[in-house]
Each structure stands twice: as structure tokens, then as C-alpha cells.
Amino acid sequence: MHEMGVAMQIVEIAAASIPADLVGSRVATVNLKVGKLSAIVPDSLKFCFEAVSKDTALEGARLHITEIPVRAVCNACRNEWTIEQPAFVCHTCNSGDITLLSGRELDIESIELAEEDN
Amino acid sequence: MLIDGINAIKACHHKEGHPHHHPHEGHSAVETHTHGGREIKVVRRVLDANDMMADANRRRFAEEKVFVLNLMSSPGSGKTTTLEKTLQHLMPEFRCAVIVGDICTTQDADRLAASGAPVVQINTDEFGGDCHLAAHVIEKALGGLDLDEIDVLIVENIGNLVCPAEFDIGEDKRTVILSVTEGEDKPLKYPLMFRECDAALLNKIDLLPYLDYDVKLAADNILQIHPGMPVFETSAKTEEGFEPWLAWLRSSAKEKLG
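Listed in order, the protein sequences are those of chains W and P. Take 1 as the starting number for the first sequence in this note's numbering and just add one per residue. Take 1 as the starting number for the second sequence in this note's numbering and just add one per residue.
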């Protein structure tokens with residue numbers, strides 16, 4: 001539901017990441033990592049991104065989203081696994097003392113600048 | 001290849017599975033390779049700005065010795081009534097204040113002000129009708145409070161089980177309220193909220209005689225998402241089950257306040 005605010009942050013961060021000597025370049029792609037546990041709906045985010053990127057260096061840019069699985073490690077038996085179901089308990093020893101290794105990401109990895117036509 | 005941002009993220013794990021670093025580190029945009037256009041490494045959390053403001057809030061709460069609770073739930077689960085009753089019990093012992101978020105109306109603030117605690121109302125309409133309270137909104141609300149005179153600050157977040165879970169506001173503890181009219185499966189449908197909280201209230205248990213509700217299943221579902229988390233079965237109306245919740249809150253506050 002807060003995808004609009006997130007889209008605005010993405011545009012702000014991506015625009016500020018264009019190197020000084022390339023100001024004026026257009027961004028073709030924004031590479032984003034979204035953890036499966038984050039409260040973001042990729043389709044909504046793309047829709048909002050399209051709206052808020054108008055009249056910026058990111059207008060028409062593609063939002064490339066890589067979804068990151070939820071990985072956990074058990075602090076009791078050191079088992080590592082991917083959480084596919086909403087159950088945060090170790091598969092091997094049933095311990096609830098676990099640490100999440102991934103799945104909460106909402107990170108801009110990189111931007112790709114558009115090639116100039118001339 | 002040296003990519004400062006990635007190293008910074010690895011060195012700065014703020015929460016479990018929640019990589020976090022600061023914009024000044026993230027500014028090390030490094031050009032990596034070329035395919036088609038040029039790719040510029042960024043490696044920054046999108047919510048960096050919120051996390052930084054939350055850290056600033058947290059430092060301020062530490063300096064001023066204020067314990068902060070972020071109270072979250074879906075709409076209509078009994079947040080405001082729970083808070084009214086909680087304030088009545090805490091007020092003799094702690095100097096309390098409340099920040100209450102609402103998309104519009106001041107009804108909750110009016111009810112809570114009757115407790116005698118200072119109340120700051122935030123209408124998120126002014127902030128774009130937001131679905132959550134962000135750290136900068138809390139920072140702004142602090143302008144209406146004298147932190148010197150406050151031991152316990154309770155933030156009543158916007159009624160929503162999704163977005164508030166994503167936004168750190170600088171709080172010490174997070175509590176989620178689920179009411180027994182909401183369905184036992186809600187923790188499984190909103191795992192981030194239940195994963196991120198430190199305690200859960202299963203509220204409105206006074207209605208159980210009229211409902212076909214499985215309290216054990218609801219509690220088990222909460223514990224499946226967050227094993228070991230305290231789950232308090234409460235009725236804000238009758239105050240049944242309130243003592244264990246208040247004891248948890250008091251001991252959490254004392255842990256910080258000394």
C-alpha cells in the first residue's frame with residue numbers, strides 16, 4: 001500500500017546516482033532486489049514507478065525486480081533452508097531460535113544508463 | 001572490484017535479514033561494466049532515508065530516557081480501547097504520552113486525551129494519506145511533546161497489518177493486536193507484522209462465547225511465525241487478561257529506564 005512512497009524514493013535515489021559527468025543521461029533500467037518477506041507488491045510498485053518517473057531522468061525506465069527468497073539459519077543446529085511456507089521453525093530440529101539471512105531486501109542494486117542515439 | 005556499498009551492508013546488519021546502511025556510504029556509486037548502456041552500482045536500501053531518521057529518533061529517545069512502544073493492528077481490533085485502559089494502569093507509575101496516527105478525524109486523540117496523558121494527533125492526510133507512520137512523521141510529532149517530562153511514549157500506528165511493519169520509527173518495542181473477530185489465519189497472511197513484533201495481544205476475548213473461534217489455533221499461528229513471542233489473551237473491555245500484558249510492558253519500560 002505504500003508502493004507510491006517507495007517508488008518516489010527509488011526515483012530520488014536512482015536520479016542522484018547518475019555520475020556528475022553524465023548528468024543529463026537517461027536511465028534505461030533500475031535493478032531492484034525485493035525480498036519475499038517485504039511488504040511490497042511488485043506489480044503495484046511498477047505501476048507507481050511509471051507514474052512518478054514522468055518528467056525525470058527515469059521516465060520510461062524499466063524497473064527490473066529480482067525477488068529474493070526468505071533464507072534462514074537455525075541457531076541450534078546450524079541448518080540453513082529456504083522458507084516457502086509461513087512457518088519460521090527449523091525443519092530439522094524444530095527450534096524456533098532462527099535468524100533470517102535474506103528476504104527483507106528492498107534495495108537498489110544498480111542503474112543502467114540509456115545508450116545515446118548519436 | 002571494490003564496491004564499498006556492499007561491504008558496508010554486510011558490516012551493518014541492523015535487524016535480522018534486514019540489511020541497512022547509510023546514504024553517505026551508499027554514495028560510492030561505482031561503474032562496473034558495460035552492456036548496452038553503462039551500469040552504475042548503487043547498492044542502497046530504498047528506505048534508507050526512513051532508517052536514518054529512525055536511528056536519529058532512537059538516539060534522541062536514548063538521550064532523553066524515553067521508552068517507546070509502537071502499537072500496531074488492523075482497523076477495529078481495539079487499539080484505542082487497549083491504549084486507554086493501559087494508560088489508566090501505567091499512569092500512576094510512569095509519565096506517559098501518546099502519538100496517535102489516523103488518516104483523518106481526531107476521535108482517537110480525543111478519547112486518549114481523557115486519560116490525562118499528552119496526546120499528539122497525526123492526520124496522515126497531510127502526508128499523502130499514508131498507510132503507516134514513518135520515522136520523519138514521528139520526529140515532527142515530537143515537536144509537540146516535552147520529552148523531559150515523559151517516561152513512556154506509545155505510538156498508536158495507522159490501522160493496517162501490512163505497511164507499518166516495514167517502517168522503523170525508532171521504537172524500543174513493537175506490539176501487534178489481533179482481535180478474535182479477525183480470523184485465526186491472519187498471522188499466516190501477514191507474516192512480516194508478526195515476525196517484526198515483540199509481543200502480541202489476542203484481544204476481545206470477552207466475545208468468545210458468541211464466536212466460533214479457536215484461540216489456541218490463533219496463538220499457534222502467531223507462534224509459527226514468531227516462535228517464543230509472548231501472546232497475551234486480553235479483553236480491553238473487561239480488562240480480563242490485562243495483568244500479564246501490563247507486567248510485560250512495565251518490565252520492558254523499566255529495562256530501558258532503569
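These are calculated hints, taken from the structure and not from any lab test. In this text, a Cβ means the ideal position worked out from N, Cα and C, and glycines have one as well. Among the hints, erroneous ones may be present.
Facing chain P, according to a computed beta carbon distance under 8 Å, are these residues of chain W, among others [as the list claims (entries may be wrong)]:
#, residue
1, 2
2, 6
3, 15
4, 19
5, 21
6, 23
7, 65
8, 69
9, 82
10, 86
11, 92
12, 93
13, 107
14, 110
15, 111
Each computed DSBU-like pair below joins lysine-lysine, with the alpha-carbon atoms no more than 35 Å apart [said to hold, decoys possible]:
#, chain 1, residue 1, chain 2, residue 2
16, P, 173, P, 254
17, P, 186, P, 256
18, P, 173, W, 46
19, W, 36, P, 256
20, P, 140, W, 46
21, W, 54, P, 256
22, P, 256, W, 46
23, P, 140, P, 216
24, W, 46, P, 254
25, P, 189, W, 46
Quick rundown of the hints versus the structure:
Because the smallest distance between the Cβ of residue 2 of chain W and any Cβ of chain P comes to about 5 Å, under 8 Å, the interface hint for this residue holds. For the restraint placing residue 6 of chain W at the interface with chain P, the shortest Cβ-Cβ distance is roughly 6 Å, inside the 8 Å limit, so the hint holds. Annotation: residue 15 of chain W was flagged as interfacial toward chain P, and the flag is violated, the nearest CB pair being 11 Å apart, outside 8 Å. This hint holds: residue 19 of chain W has a C-beta 6 Å from the nearest C-beta of chain P, less than the 8 Å allowed.
A distance limit of 8 Å between C-beta atoms decides the matter here; for residue 21 of chain W the minimum to chain P is near 10 Å, and the interface restraint is violated. Interface hint status for residue 23 of chain W: violated, as the beta-carbon distance to the closest one in chain P is roughly 12 Å, over 8 Å. With a least beta-carbon distance of about 12 Å to chain P, the hint placing residue 65 of chain W at the interface is violated under the 8 Å criterion. Below 8 Å, beta-carbon pairs count as interface contacts, and residue 69 of chain W has none with chain P, the closest being about 11 Å; its hint is therefore violated.
Because the closest C-beta pair between residue 82 of chain W and chain P is about 12 Å apart, greater than 8 Å, the hint is violated. Against a cut-off of 8 Å between C-beta atoms, the interface hint on residue 86 of chain W holds, since the closest Cβ of chain P lies about 4 Å away. Proximity of residue 92 of chain W to chain P is violated relative to the hint, the smallest CB-CB distance being about 14 Å (cut-off 8 Å). Because the closest C-beta pair between residue 93 of chain W and chain P is about 12 Å apart, greater than 8 Å, the hint is violated.
Checking residue 107 of chain W against chain P by beta carbon gives a least distance of about 5 Å; that is within 8 Å, so the hint holds. Because the closest C-beta pair between residue 110 of chain W and chain P is about 5 Å apart, less than 8 Å, the hint holds. Interface restraint check: residue 111 of chain W against chain P, minimum CB-CB distance 5 Å, threshold 8 Å, status holds. Between residue 173 of chain P and residue 254 of chain P the CA atoms are separated by roughly 12 Å; this keeps the pair inside 35 Å, and the hint holds.
For the hint pairing residue 186 of chain P with residue 256 of chain P, the CA-to-CA distance comes to about 31 Å; that is within 35 Å, so the pair holds. Proposed proximity of residue 173 of chain P and residue 46 of chain W is supported: the alpha carbons are some 33 Å apart, at most 35 Å. The hinted pair formed by residue 36 of chain W and residue 256 of chain P meets the criterion: a straight-line CA distance of about 33 Å does not exceed 35 Å. Straight-line distance between C-alpha atoms of residue 140 of chain P and residue 46 of chain W comes to about 30 Å, which keeps the hinted pair within the 35 Å bound.
Distance check on the hinted pair: residue 54 of chain W and residue 256 of chain P sit about 47 Å apart at the alpha-carbon level, beyond 35 Å; violated. A hinted pair counts as satisfied when its Cα atoms are at most 35 Å apart, and residue 256 of chain P with residue 46 of chain W does not qualify at roughly 42 Å. For the given pair, residue 140 of chain P sits about 41 Å from residue 216 of chain P by alpha-carbon distance, which is inconsistent with the 35 Å threshold. Distance check on the hinted pair: residue 46 of chain W and residue 254 of chain P sit about 45 Å apart at the alpha-carbon level, beyond 35 Å; violated.
A distance of roughly 23 Å separates the Cα atoms of residue 189 of chain P and residue 46 of chain W; the hinted pair therefore holds under the 35 Å criterion.
Hints 3, 5, 6, 7, 8, 9, 11, 12, 21, 22, 23, 24, counting from the list given before, are not met by this structure.
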